[in-house]
Amino acid sequence: MLARRGCVKSFASRRVLRSTWRFSGVFGVHSNLNSSSILSISSLSVPLTSELRERVKHAPLAPTYDPTVVEQGWQQYWQQALSPNTQLKRMDTSSSNKVFSMILPPPNVTGALHIGHALTITIQDAIARWHRMRGFDVRWLPGLDHAGIATQSVVERKLHKERGLSRYDLGREAFVDQVWQWNEQYGSKIMNQIDHLGAIVKKDQPYFTLDEQRSGAVINAFVTLHEKGLVYRKRRMVNWCPTLQTAISDIEVDAEQLEKATRKMLPGRDKAVEFGVMHRFKYQVADSDEYLEVDTTRPETIFGDVAVAVHPDDSRYQRYHGRYVLHPFSKEMIPIVTDETLVNMELGTGVVKVTPAHDPKDFECAQRHALPEVEVIDKYGKLCGDIDQEFIGLDRFDARQRVVEALQKMSLYVDKLDHATALSICSRSGDVIEPLLMPQWYVDCSAMAKRAADNVRNGVMTIEPKSHAHTWFFFLDNIQDWCVSRQLWWGHRIPAYRLKPGAIGAEASDKWFVAASLTEARQKAEMELGCELRDEDLEQDMDVLDTWFSSGLLPLSAFGWPNASSDDAVTQDLSASYPLDIMETGSDILFFWVARMAMLCEEFSGRVPFEKVLLHPMVRDKAGRKMSKSLGNVIDPLHVINGISLDQLLSDLQGGNVGSRELQKAEKELQKEFPKGIPTCGADALRFTLASYLQQGRQINMDVQRVVSYRHFCNKLWNAVRYALPLLERDDEALESVDLALFRDDMTLADRWIMSRLAAVTSEVNDGIAANQLATSVSAIQRFFVQELCDVYIEFSKPVLYGNRLEEDDDCTEERRARKRSAQATLHRCLDYSMRLLHPFTPFVTEELWQRIREADPLTASREEDVETSILCAEYPEQSHVSSWIDADAEERMALVIDVIHGIRSLRHTVKVLAPNATPTADSERPTVRIDCANATVYSELKDAQRDVETLCRVNVDFAVSGDGSPSSSSPHVLSHSVSDSCRVMLAVPDDAETTQRVANEISRLEKRVAKSTSAAEALVRRQQGPHYVTKVPETVQAQDAQRLVQLQTEIQATEKSLVALHELQRLY
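Yeah, the sequence shown ends on 1069 if you go by full-length UniProt numbering, and it's all consecutive.
Just to be clear, a hint being listed does not mean it is correct.
Stated by the list, open to error - As a list, the in silico BS3-like pairs of lysine-lysine whose alpha-carbon atoms are at most 27 Å apart:
hint : residue 1 : residue 2
1    : K943      : K1057
2    : K626      : K676
3    : K234      : K665
4    : K203      : K189
5    : K416      : K282
6    : K202      : K228
7    : K271      : K612
8    : K382      : K416
9    : K912      : K1008
10   : K234      : K260
11   : K409      : K331
12   : K189      : K264
13   : K524      : K228
14   : K161      : K416
15   : K161      : K282
16   : K500      : K234
17   : K466      : K450
18   : K665      : K264
19   : K466      : K1032
20   : K668      : K264
21   : K260      : K665
22   : K626      : K1032
23   : K202      : K158
24   : K409      : K382
25   : K382      : K331
26   : K943      : K1008
27   : K665      : K676
28   : K282      : K382
29   : K161      : K379
30   : K161      : K260
31   : K612      : K672
32   : K98       : K202
33   : K203      : K612
34   : K158      : K626
35   : K57       : K912
36   : K622      : K668
37   : K98       : K203
38   : K626      : K466
39   : K264      : K379
Don't read these hints as lab results, they were simulated from the structure.
Using the sequences and the accompanying hints, generate a full structural model.
Set out below in structure tokens:
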């Protein structure tokens, strides 16, 4: 037996000590000797609902884990516990006055949450629960984003599909009413999904970026910026979507890479349009018979050409500097300019047409050379302006072919070539972006951007992973003024007003008055114009603000700004909650959202909105593709949580937004990946999976099968607790406290070892969460629970807990009882701590099981009035609670015992292959294993563990100490396994021809395996050492390669070890 001692020590003395102790919490002990090990629970009752009380207090634990049942009721219970009237409090007050604040990045009210939202909620909820269990007042606010362009697009498509109407058919007011109805429907649906994922957000304090409070903040911010001279209106180049009829931000533009000529269908067109080609045509040099050949992907913009440009150092064209070419259609002379910025001598002919009104780079060139801007495409994507009549009103892509044909007739068209193209596509409509010059409202970001960049450089603000800092600096160091106006109907109307045409005899005016209200705008206009006006003389700008403007204020506005000065309660809340403790979000919106929060909030508050930015990677599909509704590869988290049939998956796909070309491919992929649909996995398994994916700097290639495997882990938790509960029932005459510190002499080696491992994992999990390395934490607790607690400790403790470990010796009765109590307390402590450690990641199953484990606490079970509470009230285990249990000696000794057990099991497996007929089938036929020890110390340690080894391996054990005269390890027909330099295990093998042949066959098989694995490993190493591996191979692939190499090397090492043993055996025959 482990650490077995005689029964000579007086048990009475220990019994006197124990009589002074009573249970506190869950096997926690109030003690002056070791008070730091106490884990407290709430002194405030949070009553269970009747359904939960019946389930956890009276109904037996179900034979199998069913997430559908387990996850019912707890979210309602947590929200009850989180309500202002029943805030969770713990007996420990070390952190009770500390506030931890965070906001949920607001999902767009465009539909259901996707798996990326599930990842955000998983991370933030884990952080929130960890802080709450450590005594913080957690203020985690949920919210929704009105998502101007996204939501308007969805509702417009719905209107057209169901009623055949456009927004113009309804009018602005009626259309906005339709969007509000959509918002109410899907807003509640999203909050329901957040509940399904278990988020403990403050549902009593939600925000919506278009609600009254946030609207007031937006108006205040815009007016204040204008008063500071940071908001202005100017005509500049924008990303214009002709389908949506609005300017859009860069984040709403997708770059579609085309390598060759490709025909693409666009919204509103019957025929596909060809892209990915370069058209070459000629400009005649004025006053000569010479021509300059020009390449363009957009022949239709030729009417807006105002110059052609060459590089000043290009010797081919130096004689043309300062000359002119004739425009093919207008016959006007346009200049040949030199521009080293615009022209790449190595690209095409080295001559570039300059169209300032329809190309951003050309626009910049025109600014450098004082060239005019000629608009020839309007906001509807049709040709306009002073051009040939036959082209007026043509769609830009219809005009493309007509222009080519006209150039061919003039003998000016040269050729058409395949050309790699990055096509700018509106992510909302699928239309091709048209760069247009339009008057828009802008925010001067230069000073704000510099502050935000300097804050990161100076360590005032940190970005994790640090690799993203270069993105931060790239955008902020090269900041452009921010276009904040959008030509939409859904959103915050820009608080800018101007005189209507005809008011006080005025013509249409572009003089704008920015004010918080119409009345204030009228007063400003009267003061400036020196005349009396009526409200009806003014009209408000029809445009709305960029959605990022309102969301950029959220660290302030979510907590009541700018009303803080007028409301004491709001002032206190904002003062305690701002700055946020952390800003966690996706790495893809670092600039578009995080940087804008950093700029705007510091501008208004004088302080950074958060000191730490935590970025998570993009979630892609199993093959590494971006998830997109158009590809049909989006994973709905509720499908994973609740399960869904293949037929329903296919039905949802067919009813979605997938193009006909992609639909068939997507259907095949669904049928291949989910032939039986997606099984019910539960929120806990999904959350644990997402947390486990979080490796620093890597994208997530989401594989639903991994969620299924973590459902098995939840099942492992369930089965372990179900197994343990009956064994935790006390059978002694008095319900006395068990203080593990007073029972060290009664603890087995396994008890001491598992407590030491519990101390280690407690430290590792906390360090991982504190460092925002959640994958490290979940890996550590999973390894502890499965590989150490279940696979080792529970197996070792069974004989003790079942009471058959000691001889039936009356003198040892008290010893036996003490060890059983020690094992009970150890197992209870490990299960209790495991549930607490796991709770931030798998809240539902851990709450359910913790309630059961708590019921197994003798003191809890014996109280007449039990204080019902949540695991959220329980103190989170920290290093200080378990540091006294660190036991290096126990870990070293137990490691040897475990290695011996693994070695024996390996030998038995090999012998079963070599001599299947000689393998015993009953316990009475157990084989004898000899353990050869290098010295007496090793012998003594393993001798203490003899019965554990015999029981767990189902063998009989004989010992030998090298040099003591016992048979040596080289005895004939013995298969040996080297456990360490100080220990070998050996098992006899039959001495016959059949076994000899099997040994030879097994050697041949293993040698082939080694050769194959070695070849694969060498190929991987060569691949990793390639010149462009680090720069060109995706990080996720590099990580997979590294993991695969470790697996191969481990396999080779283990197989070679088996080969050594087999070769030794072969030489004995």
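The hints, checked one at a time:
| no. | hint | result |
| --- | --- | --- |
| 1 | K943 x K1057 | holds (26 Å) |
| 2 | K626 x K676 | holds (24 Å) |
| 3 | K234 x K665 | violated (47 Å) |
| 4 | K203 x K189 | holds (14 Å) |
| 5 | K416 x K282 | holds (13 Å) |
| 6 | K202 x K228 | violated (35 Å) |
| 7 | K271 x K612 | violated (51 Å) |
| 8 | K382 x K416 | holds (24 Å) |
| 9 | K912 x K1008 | holds (20 Å) |
| 10 | K234 x K260 | violated (38 Å) |
| 11 | K409 x K331 | holds (15 Å) |
| 12 | K189 x K264 | violated (35 Å) |
| 13 | K524 x K228 | holds (16 Å) |
| 14 | K161 x K416 | violated (39 Å) |
| 15 | K161 x K282 | violated (46 Å) |
| 16 | K500 x K234 | holds (20 Å) |
| 17 | K466 x K450 | holds (19 Å) |
| 18 | K665 x K264 | holds (18 Å) |
| 19 | K466 x K1032 | holds (20 Å) |
| 20 | K668 x K264 | holds (23 Å) |
| 21 | K260 x K665 | holds (22 Å) |
| 22 | K626 x K1032 | holds (18 Å) |
| 23 | K202 x K158 | violated (32 Å) |
| 24 | K409 x K382 | holds (23 Å) |
| 25 | K382 x K331 | holds (23 Å) |
| 26 | K943 x K1008 | violated (39 Å) |
| 27 | K665 x K676 | holds (18 Å) |
| 28 | K282 x K382 | holds (25 Å) |
| 29 | K161 x K379 | holds (24 Å) |
| 30 | K161 x K260 | violated (34 Å) |
| 31 | K612 x K672 | violated (42 Å) |
| 32 | K98 x K202 | holds (17 Å) |
| 33 | K203 x K612 | holds (24 Å) |
| 34 | K158 x K626 | holds (25 Å) |
| 35 | K57 x K912 | violated (48 Å) |
| 36 | K622 x K668 | holds (14 Å) |
| 37 | K98 x K203 | holds (20 Å) |
| 38 | K626 x K466 | holds (23 Å) |
| 39 | K264 x K379 | holds (21 Å) |
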